[in-house]
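Just so you know, the protein sequences line up as chains A and B, in that order. Under numbering that gives the first Met the number 0, the residue at position 38 of the first sequence is numbered 37, and the numbers go up by one with no gaps. Under numbering that gives the first Met the number 0, the residue at position 77 of the second sequence is numbered 76, and the numbers go up by one with no gaps.
Among these hints, one or two may not hold up.
[Said to hold, decoys possible] Have a look at the derived ranges for each label pair, beta carbon to beta carbon:
#, chain 1, residue 1, chain 2, residue 2, range
1, B, F14, A, L153, 36 to 46 angstroms
2, A, S225, B, R189, 47 to 57 angstroms
3, A, N196, B, F55, 43 to 53 angstroms
4, B, R185, A, E215, 47 to 57 angstroms
[To be verified] Which bits of chain A does chain B cover? Going by a derived footprint, with three or more residues having C-beta under 8 angstroms, they are:
#, segment
5, 20-27
6, 243-251
Keep in mind that the hints were calculated from the coordinates and are not lab data. Each residue gets a CB set at the ideal place from its N, CA and C atoms; glycine is no exception.
Below, each chain spelled out in residue letters.
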Amino acid sequence: MQKGGFNFDLYQRNVELIEKNNYKVPKTTKTGTTIVGVVFSDGVVLGADTRATSGPIVADPNCEKIHRISDYIWCAGAGTAADTENTTGMISLQLELLSLSTGRSPRVRTALTLLKNFLFRYHGYISAALVLGGVDFTGPHLHMIHPHGSTSTLPYISMGSGSLAAMAVLETGYNSKMGEEDAKSLVHQAILSGILNDLGSGGNVDLCVIKHKSMEFFRNIDTTNSKRKFRKKLPYMFKSGSTKILEKEIKEKMEKMEIVNEKENEIEELEEL
Amino acid sequence: MAGKNCVAIAGDTRFGVRNQTVALDSNRIFKINNRTLFGMTGLNTDILTLRESFKFQMNLYNLEEEREISPKTFAHNVAQTLYSKRFGPYFITPIIAGLEGEDYTPFLCATDLIGAMEFPKSFVVAGTGEESLMGVCETFYKENMEPDELFEVVSQCLLAAVDRDALSGWGSVVHVLTKDGITTKRLRTRKD
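Let the hints inform the model, and build the full structure from the sequences given.
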């Protein structure tokens, strides 16, 4: 039915709508974001906030920004939400097929190359900034990938609108001989710093600790920022009938009728022939 | 909005071209199957195109799989259709509401115009009045509402938000979906 890849059929129409008719285009959901990755002695810790924004409005106060590429390779994404979701999904698919056809467990470096080649082909139009981290048989790895396709390999990384706030914490607290608990605590503090100081980041803290053949995902490890202090105790009560109705129509669920007898008849006819 | 083993979708029925009202009965909420309701806002031509496109895809699904699609799978289908037009998108904001699985757990999904999904547990909003709607839903929403109360809350949210949006109004329709069927009610709104 459909060929693979993107479909540009509506592009011309959209350009005319925007320029000639001044159409107000719906906003895309962005993940303003603070995402962080840190390498420690046994593996990698990835962290992310959970706010997705649509302009100045919070579209999703608790979204998941840490995506699975493979069992022990995970990726946190910042930028346009649809792009990070679909890009990581696509590369996860390709990596799975590759590992099945080669018969080897996937490497972080393979995921990195697949991602950077994919993003470079679109010259930054796919707005996905990623922090890729994982542990394969060669050890722990952490990489940052920019939307245009450039990559860096570093012991600690922060990306997104809250990256400056997070990097300040990382630069202060990082040391190359950290253990798991120190690394988790450092990432937690870095994300929290992004949530508190950056307007594009907010919500809860998600953490992902990857070690050799082990992965722990701490979803919403810190929810202090999402609890509303001054919530009205007594909820609003709407009595039944408070809304005036003009027309009412009830459609009962249709039961599927089983036509068993007809089938039996058909089989009998064939046998006769 | 989600309630206890029930969901409701409400929408207005005005179709306009910027400030001029063209029709008062445009329906933007469609039934996919007994468990899924699908609403769209945005450019009317894209709403009509996608309605036909999803009807076609669902008919094919029913014939091939010999079963009805679950709301979650349908939501992913919508997201994939929208993302395939990433550079040249449909100008719509869809909402999917349904009852998932044997327990009829409420399922809500909203996506942006290129298919970035979100799955909140409480409510989803879309349209020209979405900012007002968000505020009013955040205030009136309660957990575990029965269908009657859910209908009241959803209606009041829509009516309140529509009053504050010049481009919405001129009639509204509310669908409440439970395991026994869909109840559709039309409400009176301001005609301005």
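We went through each hint and held it up to the structure:
| no. | hint | verdict |
| --- | --- | --- |
| 1 | B:F14 / A:L153: 36 to 46 angstroms | violated (53 angstroms) |
| 2 | A:S225 / B:R189: 47 to 57 angstroms | violated (36 angstroms) |
| 3 | A:N196 / B:F55: 43 to 53 angstroms | holds (49 angstroms) |
| 4 | B:R185 / A:E215: 47 to 57 angstroms | holds (52 angstroms) |
| 5 | 20-27 | holds (count 5) |
| 6 | 243-251 | holds (count 9) |
Checked against the numbered hints above, the structure violates hints 1, 2; every other hint is satisfied.
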